[in-house]
Amino acid sequence: MDTASHTYGDFASLRPYKIWPGVTARAVRGDRVSFALIELEPNVAVAEHSHPNEQLGFIIQGTFTFTIGGETRELRPGDTYVISGGVRHSAVAGPEGTVALDIFSPPREDWEALERSEPRRAAEPPARTDHRVLTGAPA
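With this note's numbering applied, the sequence shown covers 8 to 146.
Hint data in this document are derived by calculation from the structure and do not stem from the laboratory.
One or more of the hints may lead you astray.
[What the hints assert, rightly or not] Quick list of the computed label-pair ranges, beta carbon to beta carbon:
| no. | residue 1 | residue 2 | range |
| --- | --- | --- | --- |
| 1 | Ser20 | Ala120 | 18 to 26 Å |
| 2 | Gly92 | Ala54 | 17 to 25 Å |
| 3 | Gly76 | Glu125 | 34 to 42 Å |
| 4 | Gly77 | Tyr15 | 37 to 45 Å |
| 5 | Glu48 | Arg95 | 17 to 25 Å |
| 6 | Gly92 | Trp27 | 13 to 21 Å |
Ideal Cβ positions, reconstructed from N, Cα and C, are used throughout, including at glycine.
Could you build all of it, start to finish, from the sequences and the hints given here?
Shown next as structure tokens:
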């Protein structure tokens, strides 16, 4: 493997995977882990599914009603989640859409068979992000 070509990259040049209608993911892959910026259009439902990959995530923008292993929660920016491999889960994006950062171990090999879009600028965070929400700093 030519590690020099995989060490650095430009996020804006990543071709998004079309995961489901209304759901795209830009992924950066290593040998044993990957992360993906997931963008969901408003009110998009992600059907219940599972995969062998462990998945950890963080909501960046919008709201997300997530059901993991039968437990449902409404997540907001700054909320996190952990999904063990093989656990069934589903979700619905909020009315403003959702942006999340997901981490997978091992990387999602199944995504390599998906259709990909041309590179485009990722969703912009809100103009006035309250960083205390993201960092947990006191008000």
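Among all the numbered hints in the text so far, which are the ones the structure does not match?
Violated hints: none at all, because every hint is consistent with the structure.
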